[in-house]
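Residue numbers (the working numbering), protein chains in the order written: chain S, 125 to 337; chain H, 125 to 337.
Since the hints were made in silico from the structure, they are not lab data.
By construction, the Cβ of each residue, glycine as well, lies at the ideal position given by its N, Cα and C atoms.
Treat the hints with care, since some could be wrong.
[As the list claims (entries may be wrong)] Label-pair restraints from in silico Cβ distances: (1) V241/S to S157/H: 53 to 61 Å; (2) K155/S to N177/H: 25 to 33 Å; (3) V241/S to K248/H: 18 to 26 Å; (4) G180/S to N333/H: 45 to 53 Å; (5) E207/H to T150/S: 16 to 24 Å; (6) G152/S to Q149/H: 30 to 38 Å; (7) Y187/S to K248/H: 53 to 61 Å; (8) R136/S to F182/H: 19 to 27 Å; (9) G152/S to N278/H: 18 to 26 Å; (10) K154/H to K248/S: 43 to 51 Å; (11) Y147/S to N177/H: 33 to 41 Å; (12) V241/H to I245/S: 24 to 32 Å; (13) D263/S to Y187/H: 51 to 59 Å; (14) A284/S to I245/H: 48 to 56 Å.
There are 2 protein chains.
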Amino acid sequence: MNKPKVSNAIIRRLPRYRRYLGYLQTKGIKKVSSNELSELIGYTASQIRQDFNTFGEFGQQGYGYSVDYLYKEINKILGLDREYKTVVVGCGHLGQAITNYTYYYKIGFNIMGLFDVNQDIIGKVINDVEIMDSSELKDFVTREGVDIGIICVNRENAQAVADTLVEGGVKGIWNFAPIDIDIPKDVALESVHLSDSLHALSFMIKSLNEKEQ
Amino acid sequence: MNKPKVSNAIIRRLPRYRRYLGYLQTKGIKKVSSNELSELIGYTASQIRQDFNTFGEFGQQGYGYSVDYLYKEINKILGLDREYKTVVVGCGHLGQAITNYTYYYKIGFNIMGLFDVNQDIIGKVINDVEIMDSSELKDFVTREGVDIGIICVNRENAQAVADTLVEGGVKGIWNFAPIDIDIPKDVALESVHLSDSLHALSFMIKSLNEKEQ
């Protein structure tokens with residue numbers, strides 16, 4: 125696992141801050157205090173102030189934070205002030221769902237290549253991008269300077285796809301296969317463990333049941 | 125947002141403990157210390173001991189934890205020692221991917237109903253379950269005593285689907301629509317924010333880039 129300079133926990137909190145600040149923007153709210161953010165997000169106000177201090181001075185004591193400024197700064201911190209060249213490997217239902225998701229929300233991840241091994245869907249076009257044969261993956265990644273590979277293949281093929289992406293020169297991998305994959309330390313890896321989320325839901329249901337009894 | 129007795133942070137850690145313990149089981153490992161778990165998962169050893177103490181005594185000082193026992197106990201704590209009757213609403217690519225995921229891994233969530241508004245796919249069968257018309261959702265949920273509704277519809281329709289599920293009597297909602305939905309406090313809600321994960325990846329890529337410079 126890669127270890128950037130800041131803790132794993134703050135990496136998890138920053139996207140949440142961004143999401144809630146975006147929500148405040150849609151409501152037309154311009155200023156927010158750490159106490160108000162605490163109320164909204166569920167972290168303590170002191171945690172929030174400490175997190176923001178890690179990256180610089182975003183607010184003035186007693187005046188709160190500017191929502192627009194904070195949102196923009198967090199975007200920069202997260203590296204979202206640029207475009208990422210992205211490919212999706214595995215174009216089954218999950219791959220197509222993820223492709224639609226990133227395409228529809230235009231969130232800075234430009235999907236420029238889709239890959240699969242299934243001859244029946246190679247050549248099919250999704251959101252203006254044609255599905256190519258996975259045998260072309262490495263060359264494409266190298267030639268186009270692809271930044272991110274999204275792995276939507278099954279558990280059995282995930283490591284081989286990761287290896288190919290790394291050989292091609294990607295900077296990061298977003299992995300949806302339910303398996304821990306090994307990659308070099310200089311490539312970022314984010315695995316989505318849907319089961320963790322489902323098990324958290326199970327725990328909440330159990331807790332609510334116990335409360336009622 | 126619902127507030128069970130234990131903190132939001134530990135709800136996030138427990139499924140991870142479970143996942144890594146399952147990994148140790150597949151390796152045939154029987155005993156593990158909090159230090160070894162710390163190495164594997166990335167939380168501090170004292171955090172791990174504190175978490176386990178919240179729920180009871182799982183190990184003996186200096187002897188480590190029994191992997192099998194701990195896995196079983198965490199399953200119980202998470203409420204995974206039972207089956208949940210589950211429905212999926214929205215059977216586009218995402219809904220079908222999630223249906224396949226839960227079906228394939230047989231993880232205690234029994235998908236007994238699929239629903240959509242699209243007349244072209246109503247009647248289609250996925251993993252032995254027929255897609256029904258969403259107009260039948262509420263009656264089905266009530267009649268069958270469905271526990272969990274999985275929302276895979278678009279942002280615009282997510283709240284209406286959540287309302288119907290709640291009226292039908294579900295205990296929990298697993299929401300994939302990129303929107304905050306409102307539900308009563310006695311229903312558990314877990315929203316999957318894929319963008320948070322993608323933005324964490326972006327941050328890791330940026331941090332690795334900065335390291336290289």
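Evaluated hints:
| no. | hint | result |
| --- | --- | --- |
| 1 | V241/S to S157/H: 53 to 61 Å | violated (42 Å) |
| 2 | K155/S to N177/H: 25 to 33 Å | violated (41 Å) |
| 3 | V241/S to K248/H: 18 to 26 Å | holds (25 Å) |
| 4 | G180/S to N333/H: 45 to 53 Å | violated (19 Å) |
| 5 | E207/H to T150/S: 16 to 24 Å | violated (39 Å) |
| 6 | G152/S to Q149/H: 30 to 38 Å | violated (52 Å) |
| 7 | Y187/S to K248/H: 53 to 61 Å | holds (57 Å) |
| 8 | R136/S to F182/H: 19 to 27 Å | holds (25 Å) |
| 9 | G152/S to N278/H: 18 to 26 Å | holds (24 Å) |
| 10 | K154/H to K248/S: 43 to 51 Å | holds (48 Å) |
| 11 | Y147/S to N177/H: 33 to 41 Å | holds (36 Å) |
| 12 | V241/H to I245/S: 24 to 32 Å | holds (26 Å) |
| 13 | D263/S to Y187/H: 51 to 59 Å | holds (54 Å) |
| 14 | A284/S to I245/H: 48 to 56 Å | violated (33 Å) |
The structure does not agree with the numbered hints 1, 2, 4, 5, 6, 14 stated previously, though it agrees with the rest.
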